[in-house]
Amino acid sequence: MNPSPAPPAPPPRLLLVEDDPVNAAFLAGAAAALPADVVQAACLAEAEAACRTDTFDLLLFDANLPDGRGEDLLRALREAGIGTVALAHTADLDPDQHARLRAAGFAEVLRKPLSVATLHAALRRALPAHIAVPPSWDDAAALAALGGQPAHVQALRAMFLAELPGQRLRIAEGITTGDLAAVRGELHRLVASCGFVGAARLGDAVRGLQVDPLDPVALAALTTAIDALLAHGPAAPAEAPVAG
3 MNPSPAPPAP
13 PPRLLLVEDD
23 PVNAAFLAGA
33 AAALPADVVQ
43 AACLAEAEAA
53 CRTDTFDLLL
63 FDANLPDGRG
73 EDLLRALREA
83 GIGTVALAHT
93 ADLDPDQHAR
103 LRAAGFAEVL
113 RKPLSVATLH
123 AALRRALPAH
133 IAVPPSWDDA
143 AALAALGGQP
153 AHVQALRAMF
163 LAELPGQRLR
173 IAEGITTGDL
183 AAVRGELHRL
193 VASCGFVGAA
203 RLGDAVRGLQ
213 VDPLDPVALA
223 ALTTAIDALL
233 AHGPAAPAEA
243 PVAG
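One point on numbering: in the working numbering, the residue at position 181 of the sequence shown is 183, and numbering is uninterrupted.
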């Protein structure tokens, strides 16, 4: 009898401090999709209260809040012995402010507006032990989509990889020429194919680029995922075990 798989690790807990309701809703939703468990606060006082009663794996603070600055909040938490990794987010382009935030202890300063892909990349950098990069090939997903036949999965993966360089070229050309309708069409077809063959990492990257086709971080994630698949080749999954 095969041993039961280990239960998945719980998602990381994030404290998001953002006073603008629209920004807060977007950032919370994007972080939750990673996945992550997000607690929200709208001001310094709420954030300090949350840190007194709960523990977090990451702090994500707006630089400017109604009752003070994010850097002051972080300094107060550090003085209280809370060493949780922290990221700042701001729409301000002032390099002096960014330097001040990093000097206060923020590991990274993210510039708003953020895309989902940019936020996810920053969270993965900050929490490498908590957030795993999806595998190039998800065998279980492919077998479920294609009736549990490893040979069928491998054959479709070979066809998928043969088409992939052309799709990458068409996406890059569409971005260069500004033909975003063509780009979105290619991404729509590609994400569907990823689901059939279990291209988990590439599927995530495609969804990130669909949010903002002009985001260079999302485009880099797509390129990296494609390179990984082409290097890996059309791996054949092991046959799914029969229950019983």
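Hints may contain errors.
[Said to hold, decoys possible] DEER-style ranges, computed between Cβ atoms: (1) P136 with R77: 34 to 40 Å; (2) E165 with G107: 23 to 29 Å; (3) R77 with A184: 47 to 53 Å; (4) H154 with R80: 26 to 32 Å; (5) Q156 with R80: 18 to 24 Å.
No lab work stands behind these hints: they were computed from the structure.
Even glycine gets a Cβ: it sits at the ideal position worked out from N, Cα and C.
Against the structure, the hints:
1. A hinted range of 34 to 40 Å for the beta carbons of P136 and R77 is consistent with their spacing of about 36 Å.
2. A beta carbon spacing of about 47 Å between E165 and G107 contradicts the range 23 to 29 Å that was offered as a hint.
3. Look at R77 against A184: about 49 Å separates their beta carbons, and that is inside 47 to 53 Å.
4. As the Cβ distance of H154 to R80 is approximately 55 Å, the hint placing it in 26 to 32 Å is violated.
5. Q156 and R80 have their C-beta atoms about 52 Å apart, which leaves the hinted 18 to 24 Å range violated.
The structure does not agree with the numbered hints 2, 4, 5 stated previously, though it agrees with the rest.
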